[in-house]
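Novice: If you read the sequences in order, they're chains H and B.
Under my numbering, the first residue of the first sequence carries the number 1, and numbering increases by one thereafter.
Under my numbering, the first residue of the second sequence carries the number 1, and numbering increases by one thereafter.
Be aware that one or more of the hints could be misleading.
Calculated pairs, DSS-like style, for lysine-lysine (alpha carbon to alpha carbon, straight line, at most 30 Å) [to be verified]:
hint : chain 1 : residue 1 : chain 2 : residue 2
1    : H       : Lys55     : H       : Lys98
2    : H       : Lys98     : H       : Lys19
3    : H       : Lys103    : B       : Lys128
4    : H       : Lys103    : H       : Lys55
5    : B       : Lys128    : H       : Lys55
No lab work stands behind these hints, which were simulated from the structure alone.
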Amino acid sequence: MAGEMAGPAPEERPRPQGKRNAQGIRIDPDAAAEPETHRAVISALVDHEPGVLAKVSGLFARRQFNIESLTVGPTANPELARMTIVAEEPTPGLEQVKRQLRKEVAVHSVREVEGATERELALIKVRGDDPAGITAVAEMYGGQAVQAGSEVVTVELTGTEAQVDAAIDAFERFGVREVARTGTAALAAGTDPTA
Amino acid sequence: MTEQHAKPRTAEPTPEPTEETADRTPVQNGADAVIAALEAAGVETTFGIQGGAIMPVFDALYHSNIHHVSMSHEQGAAHAADAYGIVSGNPGVAMATSGPGATNLVTGLADANMDSDPVIALTGQVSKDMVGNDAFQETDTIGITAPVTKANYFATDADTVGADVSEAFALAAEGRQGPTLVDLPKDVTQTETSVEAVEPRAPATHEVPTAEADPSMVDRAAEVLADAAKPVILSGGGVVKAEASEELREFATRHGIPVVTTMPGVGTFPEDHDLAMEMGGMHGTGYANMAISHADVLLGVGTRFDDRLTGDVTTFAPEAEVVHVDIDPAEISKNIHADYPLVGDAGTVLQQLGAAMPSSPDAADWREQTMTWKREYPMAYDAPEDRPLKPQFVVEALDEATDDDAIVTTGVGQHQMWAAQYWTYTEPRTWVSSNGLGTMGYGVPAAIGAKLAAPDQTVVTFEGDGSFLMTGQEISVAVREDLDITVAILNNEYVGMIRQWQDAFYENRRYESEWSWAPDFAKLAEAYGAQGLTAMSYEEVPDVIEEALAYDGPSVIDFRIDPEEDVYPMVPAGGANDQFALMEEHL
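Excised from the complex, chain H in its bound form (with noise of 0.2 Å):
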């Protein structure tokens, strides 16, 4: 057969004894460690232009990052927006995310914040057979009804994604019907910048 070449074959040669894991970090041979995924919270400050968002969520896309939320809204400067992205990843992976963020021409910076205030606001339509355990409901979440109706009540809300969650849960002994969240939106404490 054309192609052969001179040389010990596989199984005759002098093997390598260590080991890397599937992101490419030196591990104990013997161990078979993924890291751990975490939650993260990144902002962005990128151009207010239109396309923006395409391009980021684009790149996460492409790119197979896990995102779990996204928002996307102005700021107090006319020529900036600001990204909140919540990510689940591994730490290559969130870093991963934030190094292509950078490259975009777009984004001016970007931060993980790390005990950040985090909101969400959610919308919950719910069945309206019972008015008065609703607003029961709204008010310990902090919430209120919004608009009433003949057969349903629209509750506002906002929280974190968690306590939105445990919202959502406690207004299913209602009938929820619809409901609307916004995404993370997040400010770094303090006088610390988020991004």
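Take the given structure of chain H and dock chain B to it, following the hints.
Specialist: Coordinates of chain B only, in the frame set by chain H:
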């Protein structure tokens, strides 16, 4: 940074005209502004094809001294611009109209993106008031090209379109190089403006790494390298792009460290040097892959640790501490964890490392080991008389017949691997290939771009029969432009690499890889107006090479090679580098 401290995007004031700017296109409309911006960037050559939406820009070219090369297909324009960028170091320019013109560019832009080649594409677009209406030859060029460009711009105003081009040009060349694109609606290029061109200037908005790496990390990396017993340098395409071959050679030879190159890094270290392990990875040399696999410290410079190089990452350089030098922070620990990340310009960081090395590593035994591997796994081939011409022989014969600075361009497939393995590269920017994307048909249009970037250097193209048929019509352009290039088709009448994989991994089921008929390539070349030659035997090889090189114009040589020849060594996809196969039975 805070919201209040954002850097404004406003352009600087227009410079006063100087002597240098005197022969620039006078700006009367947006199209003039586009061409004046190219002139301000020093562009002398552009590649592309006419079309309705880009006509105003071509009309502005009519008045310019820029030499425009009309290609046969926009993919060819993108590859020619890409090769021009690789060889010259400055962005190559590809121009196309809207719709199919723009979509035909996409393969070439993706190719440039994978190999970090500097390219700027200018595409026509339907007028702004038509965008979104599914107008004739409308396509969402910005949307389609966003994933395959470093940045792209939709020009909205004749007054700023020149600045858009200047910014895109600067970005293509800056930091980690790559392709950029400016989409030019016809109303923008036709609208009057008198805003003069500015020099290329990248936007100040995004974070660009400094040339120098963190000095404390440099010190730590230098210490690890000095203490290494089995050090290896992995030199990538970033070394070419950063013009850092000199620094790399100086560092490797001063400290006696063997050098493996990636495929884009071919030419960064002279392959006839004792320390040269040549190319590593899937079809790399046995000694390169043994050296990587057994290294205790690996210094990767300007490489993204692509899967064709690493094989299975769990077995890649499994005992090596990794020092990674790269201008792009996103490459650090993307595929292989960097124990010592050094973000900066390759040449600058190599100088920093050189200054910080407390001593050279004590690696005489290791160097001896690598020499032993060179003897154990020689890059040699059998050429029995009862078999047809071997492709490796053709590569070596063309190498011998040309100067050291001859430029090799290739298509993609078996011929590309033989061209990488059996040509002895000694200079950067002499290996011009589709490394990352693996685009068949890259070779001929790349030769056109390479020759125009380096008219005084010999340009040799290796193509396969299958690969050549994808873009072979660009030979007509080489004839029209009177370009002295030599195209060697290593013709086995197979889609050879597929046939090899079918034999090895699909139980010899050669489905759709065997040609039942292939054209007479010499006659085809003559039909285009080029010189056509054919070689069937070893005896004919020197003669046809001499004829091709002597001919003042493009030549195509159809080398009828042994159709059953395979490319070895081979690390199967996802395999361990040290387990490379030397024959099919090893797979």
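Novice: Checked against the structure, which of the hints given earlier come out wrong?
Specialist: Per hint list: zero violations.
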